[in-house]
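Its first residue numbered 1, the sequence shown is counted upward by one per residue in the numbering used here.
Errors might be hidden in some of the hints.
[To be verified] List of simulated lysine to any residue pairs, SDA-like, C-alpha gap at most 25 Å: (1) K18 x Q176; (2) K297 x K269; (3) K8 x L168; (4) K94 x A48; (5) K87 x Q176; (6) K226 x Q176; (7) K269 x T237; (8) K35 x Q176; (9) K311 x A48; (10) K81 x Q5; (11) K140 x Q296; (12) K35 x L282; (13) K6 x Q176; (14) K226 x K91; (15) K116 x R92; (16) K297 x K87; (17) K6 x K311; (18) K143 x K264; (19) K226 x K264; (20) K87 x D121; (21) K91 x I133; (22) K18 x F233; (23) K8 x L246; (24) K110 x R32; (25) K226 x G12; (26) K167 x A48; (27) K167 x T237.
FYI, nobody ran anything at the bench for these hints, they're computed from the structure.
For clarity, every value in this text was computed on a predicted model and none was experimentally measured.
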Amino acid sequence: MADEQKQKLVAGLESSPKYIPVSYKYDEIGSRLQKESCEHNHDYYITASELSILQHNVQDIIPDVPNDLTLVDLGSGDCSKTRFVIKELLKRQKTLMYYPLDISGEFLIKAAKSLKDDFGDLLEVHPIASDFIQGMEQLKRIKGVKLVLWIGGIFALPYEDQISKLKLFSTIMTDQCRLVFTAEITQNREDILKAYNDNTGLKRRSNLNGITRLKREEGSMIDLDKFSYHLDFVHNTNPEFMSYVLSYIEANDDVQFPIPGLGKDLEMKKEEHLYLHEGTGLSCKYTLEQLQTIVQKSGLRLAGTLIDKEKHVAFCSCVTG
Numbered sequence: 001m002a003d004e005q006k007q008k009l010v011a012g013l014e015s016s017p018k019y020i021p022v023s024y025k026y027d028e029i030g031s032r033l034q035k036e037s038c039e040h041n042h043d044y045y046i047t048a049s050e051l052s053i054l055q056h057n058v059q060d061i062i063p064d065v066p067n068d069l070t071l072v073d074l075g076s077g078d079c080s081k082t083r084f085v086i087k088e089l090l091k092r093q094k095t096l097m098y099y100p101l102d103i104s105g106e107f108l109i110k111a112a113k114s115l116k117d118d119f120g121d122l123l124e125v126h127p128i129a130s131d132f133i134q135g136m137e138q139l140k141r142i143k144g145v146k147l148v149l150w151i152g153g154i155f156a157l158p159y160e161d162q163i164s165k166l167k168l169f170s171t172i173m174t175d176q177c178r179l180v181f182t183a184e185i186t187q188n189r190e191d192i193l194k195a196y197n198d199n200t201g202l203k204r205r206s207n208l209n210g211i212t213r214l215k216r217e218e219g220s221m222i223d224l225d226k227f228s229y230h231l232d233f234v235h236n237t238n239p240e241f242m243s244y245v246l247s248y249i250e251a252n253d254d255v256q257f258p259i260p261g262l263g264k265d266l267e268m269k270k271e272e273h274l275y276l277h278e279g280t281g282l283s284c285k286y287t288l289e290q291l292q293t294i295v296q297k298s299g300l301r302l303a304g305t306l307i308d309k310e311k312h313v314a315f316c317s318c319v320t321g
């Protein structure tokens, strides 16, 4: 594990309240669990809503510019949703340069190979196994007009990180480029809690992968049987913020577990919480006014939104200036 990631883990486990960075759950196993939890959980509406827009309105996501576009895919995962955009772009231009970026290198390479097998010479794939900050340094070198996708990424971050990431992404954009990100606009508490605490347990396994990864890679002795797992939804209509889901484990008794790879122990008092994300919450939900505010704070302009018929998800199209 990179020293920087270890430092982030230690900082989270020593903070008050304690947390595990949400990005840590996305190793190869975690990426697969996330995919399964989105595709096989019938109560999880976000993937179906995103796919509905991509299937029926993908042409409206792509800007009408005279130049060939280069496609950048941030947090690309298995690239399955991006396939709709790739197919539409290849109707408009003869070939396509595609740069998927994801922190899970092994998962990314497999996805890139699958795409190359399917599209052949029409698609030139340049996978970037990196975090966003390092990845932007590589992406800044790409010339031409870019369509930048960020599907399903913003609502996993703390509020200030959402703004800072949008600012970061704007550094690779010109006035002809377009950034498209997705955001969840559902506000129904019952639907949300069913989606994130489904009967299959898939979402729970996905959320807990940061804990199980500590055991796999760092020799952690953390026993999940000594904890209870919790989810909650916090509704907030303040235009300067958003609603969100809380995900955490609570110690049933005072506990102490060694984590040899980090050179420290996890010590928790009875009823103390260990959050499975940094910041206030994760899986953030927005009003359109809240989305407008986030985009404005990042220095971008919201040029338009596409919303599925169930009003679960918005595709937000942003430009510079």
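Hint by hint, here is what the structure shows:
1. K18 x Q176: Violated, at about 43 Å.
2. K297 x K269: violated (39 Å)
3. K8 x L168: At roughly 20 Å apart (the allowed maximum being 25 Å), L168 and K8 satisfy the hint.
4. K94 x A48: The hint is violated at about 30 Å.
5. K87 x Q176: holds (21 Å)
6. K226 x Q176: Violated, at roughly 54 Å.
7. K269 x T237: Outside the cut-off at roughly 34 Å; violated.
8. K35 x Q176: Distance of about 32 Å is beyond 25 Å: violated.
9. K311 x A48: Distance ~12 Å between K311 and A48 Cα, so the pair holds.
10. K81 x Q5: Not satisfied, since the Cα-Cα distance of roughly 28 Å exceeds 25 Å.
11. K140 x Q296: holds (22 Å)
12. K35 x L282: Judged against 25 Å, a Cα distance of about 17 Å means the pair holds.
13. K6 x Q176: violated (39 Å)
14. K226 x K91: It is violated: about 55 Å lies between the C-alpha atoms, which goes past 25 Å.
15. K116 x R92: Holds: K116 and R92 sit about 19 Å apart, inside 25 Å.
16. K297 x K87: Outside the cut-off at roughly 33 Å; violated.
17. K6 x K311: Judged against 25 Å, a Cα distance of about 39 Å means the pair is violated.
18. K143 x K264: violated (46 Å)
19. K226 x K264: The hint holds at about 19 Å.
20. K87 x D121: holds (13 Å)
21. K91 x I133: violated (32 Å)
22. K18 x F233: Holds - the C-alpha atoms of F233 and K18 are around 19 Å apart, at most 25 Å.
23. K8 x L246: holds (20 Å)
24. K110 x R32: holds (12 Å)
25. K226 x G12: holds (20 Å)
26. K167 x A48: Between K167 and A48 the Cα gap is close to 28 Å, so the pair fails against 25 Å, i.e. violated.
27. K167 x T237: holds (24 Å)
Hints 1, 2, 4, 6, 7, 8, 10, 13, 14, 16, 17, 18, 21, 26 from the earlier list are contradicted by this structure; the remaining hints agree with it.
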